[in-house]
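Participant: Residue numbers (my numbering), protein chains in the order written: chain L, 1 to 307; chain F, 1 to 307.
Keep in mind that the hints are not guaranteed to be accurate.
[What the hints assert, rightly or not] Distance condition first, Cα-Cα at most 27 Å in a straight line; then the derived BS3-like pairs of lysine-lysine:
hint: 1; chain 1: L; residue 1: 15; chain 2: F; residue 2: 52
hint: 2; chain 1: L; residue 1: 15; chain 2: F; residue 2: 55
hint: 3; chain 1: L; residue 1: 15; chain 2: F; residue 2: 15
hint: 4; chain 1: F; residue 1: 264; chain 2: F; residue 2: 276
hint: 5; chain 1: L; residue 1: 124; chain 2: L; residue 2: 137
For the record, the hints were derived by calculation from the structure and aren't laboratory data.
Residue-level listing of the chains:
Number of protein chains: 2
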Amino acid sequence: MELLFLGTGAGVPSKERNVTAIALMLLQEANSIWLFDCGEATQHQILHTSIKPRKVNKIFITHLHGDHIFGLPGFLSSRSFQGGEDELTIYGPKGIEEYVRTSLELSGSHLTYPLSFVELREGKILEEEGFIVSCKKLDHGIPSYGFRIEEMNKPGELQVEKLKSAGINPGPVYSLIKENETTTLEDGRMIHRKDYIGPDKPGRHIVILGDTRSTELNQDFVQAADLLVHEATFDKESYELAHNYYHSTTAQAADLAKAGKVKKLVLTHVSSRYQKLDLDQLLDEARAIFPNTEIAHDFFKLSVPSH
Amino acid sequence: MELLFLGTGAGVPSKERNVTAIALMLLQEANSIWLFDCGEATQHQILHTSIKPRKVNKIFITHLHGDHIFGLPGFLSSRSFQGGEDELTIYGPKGIEEYVRTSLELSGSHLTYPLSFVELREGKILEEEGFIVSCKKLDHGIPSYGFRIEEMNKPGELQVEKLKSAGINPGPVYSLIKENETTTLEDGRMIHRKDYIGPDKPGRHIVILGDTRSTELNQDFVQAADLLVHEATFDKESYELAHNYYHSTTAQAADLAKAGKVKKLVLTHVSSRYQKLDLDQLLDEARAIFPNTEIAHDFFKLSVPSH
Ligand SMILES: [Zn+2]
Ligand SMILES: [Zn+2]
Numbered sequence: 001m002e003l004l005f006l007g008t009g010a011g012v013p014s015k016e017r018n019v020t021a022i023a024l025m026l027l028q029e030a031n032s033i034w035l036f037d038c039g040e041a042t043q044h045q046i047l048h049t050s051i052k053p054r055k056v057n058k059i060f061i062t063h064l065h066g067d068h069i070f071g072l073p074g075f076l077s078s079r080s081f082q083g084g085e086d087e088l089t090i091y092g093p094k095g096i097e098e099y100v101r102t103s104l105e106l107s108g109s110h111l112t113y114p115l116s117f118v119e120l121r122e123g124k125i126l127e128e129e130g131f132i133v134s135c136k137k138l139d140h141g142i143p144s145y146g147f148r149i150e151e152m153n154k155p156g157e158l159q160v161e162k163l164k165s166a167g168i169n170p171g172p173v174y175s176l177i178k179e180n181e182t183t184t185l186e187d188g189r190m191i192h193r194k195d196y197i198g199p200d201k202p203g204r205h206i207v208i209l210g211d212t213r214s215t216e217l218n219q220d221f222v223q224a225a226d227l228l229v230h231e232a233t234f235d236k237e238s239y240e241l242a243h244n245y246y247h248s249t250t251a252q253a254a255d256l257a258k259a260g261k262v263k264k265l266v267l268t269h270v271s272s273r274y275q276k277l278d279l280d281q282l283l284d285e286a287r288a289i290f291p292n293t294e295i296a297h298d299f300f301k302l303s304v305p306s307h
Numbered sequence: 001m002e003l004l005f006l007g008t009g010a011g012v013p014s015k016e017r018n019v020t021a022i023a024l025m026l027l028q029e030a031n032s033i034w035l036f037d038c039g040e041a042t043q044h045q046i047l048h049t050s051i052k053p054r055k056v057n058k059i060f061i062t063h064l065h066g067d068h069i070f071g072l073p074g075f076l077s078s079r080s081f082q083g084g085e086d087e088l089t090i091y092g093p094k095g096i097e098e099y100v101r102t103s104l105e106l107s108g109s110h111l112t113y114p115l116s117f118v119e120l121r122e123g124k125i126l127e128e129e130g131f132i133v134s135c136k137k138l139d140h141g142i143p144s145y146g147f148r149i150e151e152m153n154k155p156g157e158l159q160v161e162k163l164k165s166a167g168i169n170p171g172p173v174y175s176l177i178k179e180n181e182t183t184t185l186e187d188g189r190m191i192h193r194k195d196y197i198g199p200d201k202p203g204r205h206i207v208i209l210g211d212t213r214s215t216e217l218n219q220d221f222v223q224a225a226d227l228l229v230h231e232a233t234f235d236k237e238s239y240e241l242a243h244n245y246y247h248s249t250t251a252q253a254a255d256l257a258k259a260g261k262v263k264k265l266v267l268t269h270v271s272s273r274y275q276k277l278d279l280d281q282l283l284d285e286a287r288a289i290f291p292n293t294e295i296a297h298d299f300f301k302l303s304v305p306s307h
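Isolated chain L, as found in the complex:
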């Protein structure tokens, strides 16, 4: 489980930062890649990575602002051009289907794969491939959503020493014991898995929020996540600008990370008003409140370690 930031700017592309897109790499976990937002030229960014468009089978759109969706028609067409055949599902706010279908139809683009849409609402929107995804409405003027991606817990480790003490020696029987609630041994004994297995290995939880004003209402939604990805369009002092434009500051993102007791915070969606030299200050502002913070840059890669 890795996050690869494909675009980390706000509003318009700059030479340093493209508009928003984040790839959640689930190649080991689910042999697939999920994309969060798809700003213009996301497919161009992908050319500089190892991502194969046909591996992207879900795209989550936080909101319909152009810097988050204008790369969709091109990405979908190119995935087709490259011979992708696997179904792709787009999860997004009302309007995303009309936008995509109109663009594809008027441009005469005929996809080689089935494309389906799921309109976002609050609550659980997806449970499959060992993951649960739920949604929460944010505060951005137009409907904007956050996504909480929860990897399901996995069964713990077999307690080998305890099995041996009970006279059960390593062999194919161990798999049977691990995979079934009860297993009957050759000697007739019935073994209950729960007696020989450690505690569940908790899955990882990551939260990716779309553009949003700072609001305490997000606190429960991000609670205890291993990783929170939060916009930080503005610096700490520009909270009035942030409020007026329905965005957040570095400090507000850090406040939420702290209040929500998340493990790590990554800031993204950084306004092009900030130059490279300003980044240290932005980072300091956040770290003063929540030390385990990073600021993403284009092609920033982050793995989320297992527990």
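Given chain L, work out where chain F with the ligands should sit, using these hints.
Facilitator: Chain F with the ligands only, in chain L's frame:
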């Protein structure tokens, strides 16, 4: 008058070539820039040039395939974000207005400048700023157009020696004679401009064709142009592929340049199947038929000299 190729690839972007866009720089002639097609990430390409989006006041769309239009909504939004206020007109086939308006409306993009649309038809579509633009339908499966941009002729030079011989000495009266059909001198003589002016300076003519199969029907339209920009999606031997996909080969483009007696040919819209090493061969194929040929690359710049 300069052409700046912003994207010279076909179908999908590659690391070497972006999808189609060509800027016709008319800064000296009309203080404006005209864009021909606007594939995805055209605004990103523009970041690496001196082009100011607010100077772009006309966009001509040859056809609605995605690799020619998916950069429009982003370009238009960013032009607005950067405070452009001057009207912008888009000339394109039926459907372009629906595509652009749907994209802008669903994404909540409110432009700071007036945007208008002109639906293409064959014949003259524009006469202003010292230019006439006319259109011709090509052969590309869906409606695809070529544009012939004709700079209007300019009055010739005053024949100074002849004026002096007639006893008319240099001074403000020379401007009067040049600007008016007849001028009455202080001594009462009436001067006819036509008697003292050289032949008209012919304007430059350039032709930019959208994607098209090779067809003799284009011959009149490109006739004697100073510059012809023609797609060359395929190499000479792949004429069957070219036919099936409604595209042209290098040799077909050169044939048209020759038959049309144009002065210079620039090939573009080169398939990503061709690598850097293949370009010499592609160029040789065309030059064998029409020697004054170039192959465009991204950021290739070409000035069209005055006559
Ligand atoms: Zn937004
Ligand atoms: Zn085409």
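Participant: Evaluate each hint against the coordinates.
Facilitator: Hint check results:
For the hint pairing residue 15 of chain L with residue 52 of chain F, the CA-to-CA distance comes to about 15 Å; that is within 27 Å, so the pair holds. At most 27 Å may separate the alpha-carbon atoms for a hinted pair to count; residue 15 of chain L and residue 55 of chain F meet this at roughly 20 Å. The hinted pair formed by residue 15 of chain L and residue 15 of chain F meets the criterion: a straight-line CA distance of about 16 Å does not exceed 27 Å. Restraint check for residue 264 of chain F and residue 276 of chain F: satisfied, since their Cα atoms lie roughly 22 Å apart, inside the 27 Å limit.
Restraint check for residue 124 of chain L and residue 137 of chain L: the C-alpha separation of about 12 Å stays at or below 27 Å, so the hint holds.
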